[in-house]
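> Using the hints, build the complex out of the two chains.
Okay, here's what each chain looks like letter by letter:
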Amino acid sequence: EDQVTQSPEALRLQEGESSSLNCSYTVSGLRGLFWYRQDPGKGPEFLFTLYSAGEEKEKERLKATLTKKESFLHITAPKPEDSATYLCAVQAGSGGYNKLIFGAGTRLAVHP
Amino acid sequence: GAGVSQTPSNKVTEKGKYVELRCDPISGHTALYWYRQSLGQGPEFLIYFQGTGAADDSGLPNDRFFAVRPEGSVSTLKIQRTERGDSAVYLCASSTAGNTEAFFGQGTRLTVV
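Chains as they are written, first to last, in our numbering: chain A, 1 to 112; chain B, 113 to 225.
Hint data in this document are derived by calculation from the structure and do not stem from the laboratory. Careful, some of the hints might be misleading.
Said to hold, decoys possible - Think about it this way: if two alpha-carbon atoms lie no more than 25 Å apart in a straight line, the pair counts; the simulated DSS-like pairs of lysine-lysine are:
(1) A:Lys59 to A:Lys69
(2) B:Lys123 to B:Lys190
(3) A:Lys42 to B:Lys190
(4) A:Lys42 to A:Lys63
(5) A:Lys79 to A:Lys42
(6) A:Lys42 to B:Lys123
Just chain B, with the same shape it has in the complex (with noise of 0.2 Å):
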């Protein structure tokens, strides 16, 4: 594809649910990341991959929060639990490599009611 691409668009969930977010990174890049943006702020770090493996997930707030990047290309972002704090946009990024730069998708918005 042309960019990134994340489903759904909008997912409004009831508290308590289980959510998963998915990414499709540009084709060819190795490096996937995911950052999460609440409103009025700049998007904050949750976690990195490079191929298959989580190369840092300081990011991530506690652990009802869980990625998979199985085959090194789609990522997959799961929320169990779901609270009405989790309520932002999920936003997926990747790059050629770690060091260069990373384009993002358009974001999912998760609403927790």
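Chain A with its partners taken away, still in its complex shape (with noise of 0.2 Å):
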């Protein structure tokens, strides 16, 4: 059964501590790996996709990476700005289509 699994459940960073959000995943082939942002009260909103393991990408002070068995989103000194819940999500099925098994979830404070 594909699986995500996120930790930490909830991270709080002093401004400009950099850190790393950890994504787990089983899944029977996969397709791609997405990373989404969401904040209270919005609806996920799309950061990056991965598909295949030593692939990275950058985005401002996030850069997602991916192994065989994780992903990591590495956060350089965050800002206040970035606090959030940072949400993973493999492809599921073999349609190819975005039917995504999300994580839980990492809820980021960061406080100046």
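And the structure:
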């Protein structure tokens, strides 16, 4: 059964304190691993898609990496506006469409 | 429109009532998805439309749930005989094709009392 586990559940950082969020997955044939950001009361906002082990993508202070068993979202010198829930998801099934299996998310709080 | 639009943003209904939730996808997006998100959890897949047809409805929890997309654009999620356990945020997403990134709406928060 396809499964996604995110850790930690919650993370509190001081502004400028870099850290990483973890996403472990089990899936029969990875077709894509997705990272989304979700602010309270909003829908998830797309950040990255990774397709193969060794792939990396960056956007501002965020960098996503992928291995055969897990993905990391590295946050460099975070700012308070980076506070949100970060969701990881894998594409499930063989249909090649966005049938995503999400983890429960990591709630990130960055304090000035 | 600029993004996926969902209406209403909030819906409170009594147990046993019927509700309809509406999704306006991004113009030109042929793929449309419904997800359900419970408090403290990630979204759970409900159904996928490619054009007018439901290509995958394997996530619908039971036959009280039904969704349509008659003209290949707007979609409506219909829930009959609502139960308190149906309370959640219902998210709609769309993409240009099935295998491109999906963009989510802000969701409809459904509360069944």
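> All hints are to be evaluated individually against the structure, with a verdict given for each.
Results for each hint:
no., hint, in the structure
1, A:Lys59 to A:Lys69, "22 Å, holds"
2, B:Lys123 to B:Lys190, "13 Å, holds"
3, A:Lys42 to B:Lys190, "22 Å, holds"
4, A:Lys42 to A:Lys63, "22 Å, holds"
5, A:Lys79 to A:Lys42, "20 Å, holds"
6, A:Lys42 to B:Lys123, "16 Å, holds"
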